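Protein chains: 2
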Amino acid sequence: MKIVILIFDNYTALDIIGPYEVLSKLPNAKVYLAGLERREYKDSHGLRISADYSINEITVADILLIPGGFGIDELLKNNEIIEWIQQIDHSTQWTVSVCSGSLLLAQAGLLNGKECTTHWRRKDQLRNYNVKVKDERYLQDGKIITSAGVSAGIDMALYLVSKIADDQTAKMIQLAIEYDPKPPFDCGSPDKLPKEMIEKLKNK
Amino acid sequence: MKIVILIFDNYTALDIIGPYEVLSKLPNAKVYLAGLERREYKDSHGLRISADYSINEITVADILLIPGGFGIDELLKNNEIIEWIQQIDHSTQWTVSVCSGSLLLAQAGLLNGKECTTHWRRKDQLRNYNVKVKDERYLQDGKIITSAGVSAGIDMALYLVSKIADDQTAKMIQLAIEYDPKPPFDCGSPDKLPKEMIEKLKNK
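Taken in sequence, the protein lines are chains R and P.
Letter by letter, the first sequence follows residues 18 to 221 of this note's numbering.
Letter by letter, the second sequence follows residues 18 to 221 of this note's numbering.
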C-alpha cells in the first residue's frame, strides 16, 4: 500500500507526524513524503523534514494525505500542486486531510457537495467552497476523510486503519503509540472555552 | 527559553513532534534539535528530520527533552551522549522524557530514587535501575518529568507549559492544536486489552 503525504514550507509538523506514526505501522504499507521538489521543508518554527520524492515522481497512490499549516494559503494558488492532487486522487482508495489541508482538497474540487471538516479557525474559509462544513473530529464522505485541527489527524488515521485493515490492527497500533489521551485540561475544542479567548486566538 | 530535544537514528517521530508542536508555541521559546552530529536522522521507517546542532554546540538548556524509539538501546552504551545529558541537566529548569527516553535519563543516573514512567513495553527494562516505576500518563518528580509511550508526550508538554507559563497559556496551545482527543477505540493502555494481545505485541 502506497501512502503519499504532501509536504511544503510552513506545514504544521504534528499534522504530518500524527498520521504518519499511525499509518507507517500498517502492515505492507510504505509512506512517501512528496514535495514540489525533493528537498528539506521547514515548518513555521524552523523544523526541517525532508521530502523523499518530488511530486513529479509520484503518479499514483493508494492513500493521499494533505496536512495543513500556514503554508496552505500559498498552495491554494499553485496550479501545479492542485493539478497533481486531482491526478493522484483518480488513483486513490482514500484521499484524506488534516487541519487546513481540507482547503487544498476543496480548491481541487474534490469536496464539491461533500460533508467535511477542518481546524476550527479555518471553518469560515472552508465555507467559501461548495461544501457542507461540520463540527466533527474527523468525517468520512465516500473515499474522502477530512479531520479537525492538528492533533485530530491521529484519530483520523486510526479510523482509516480500521477501514483499510480491521479494528484489531487499529487497536494494536493505538496501543503501540500508547494513545490513551489524558490532556491536563478539557479545552481542546472552541465550544469548551470562553468566547473572549476564542476571539483572541482567532486574531493571532 | 532554550528547549533542547535530542535526536538520533531510529527515534520515534511522534515522541519528538508531539511535544515539539506544543513547546514551540510557548512564548519566547526556541526549540533546538541536537544530534551527535549536525545531520539528518532517520526514524525506524525512514522519515528524515534534521538536527540543527551537534550536541557539542549545546552546553546549556532550560529544558532538555529526551524522546524514545528503538534507537535508545544503542545510546544507552554511548558515553558521549550520557555525559552530555549529565552536563546539560546541571543547567536545566526541567529535564523531561517521552516513552523509552526515560531509560537514557536512568542510565545517566538522573532518575536515581525517583518516581518515573515509560512506554508500557519498556517498564521491565526501566525497573533494572534504582527507580520507582509507576503507571502514569506523565509523572513529575522534582524537575524531572517522564511520560508514558509516544503520544503521552503531548499531554506531558501541555502540563509542562502550565508549569513554565500558566494554565491559560497551556489551554490556548491545547486549543491551537485542537487537542480534544476522540480515539476510535478505548484501548490505548495495556490494561484495556486482552492479555493475549498484549503478549503478542510484547514479542514483536
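Derived by calculation from the structure, the hints in this document are not laboratory data.
There may be inaccurate statements among the hints.
It does not matter which identical chain is used: a pair holds within one copy or between any two.
What the hints assert, rightly or not - Each computed DMTMM-like pair below joins lysine to aspartate or glutamate, with the alpha-carbon atoms no more than 20 Å apart:
hint	residue 1	residue 2
1	K59	D69
2	K42	E54
3	K149	E132
4	K42	D26
5	K131	E216
If you're wondering where the values come from, they're calculated on a predicted model, not measured in any experiment.
Hint check results:
Taking the shortest alpha-carbon separations for K59 and D69, both the intra-copy value of 14 Å and the inter-copy value of 12 Å come in at or below 20 Å. In this assembly of identical chains, the alpha carbons of K42 and E54 never lie at most 20 Å apart, being 26 Å within a copy and 28 Å across copies at closest. For the identical chains of this complex, K149 and E132 are intra-copy neighbours only, at 5 Å inside a copy versus 49 Å across copies, given an alpha-carbon limit of 20 Å. For a Cα distance limit of 20 Å, the shortest separation of K42 from D26 across copies, 18 Å, qualifies, whereas the shortest one inside one copy, 26 Å, does not.
With identical chains, the CA atoms of K131 and E216 are never at most 20 Å apart, being 28 Å at best within one copy and 43 Å at best between copies.
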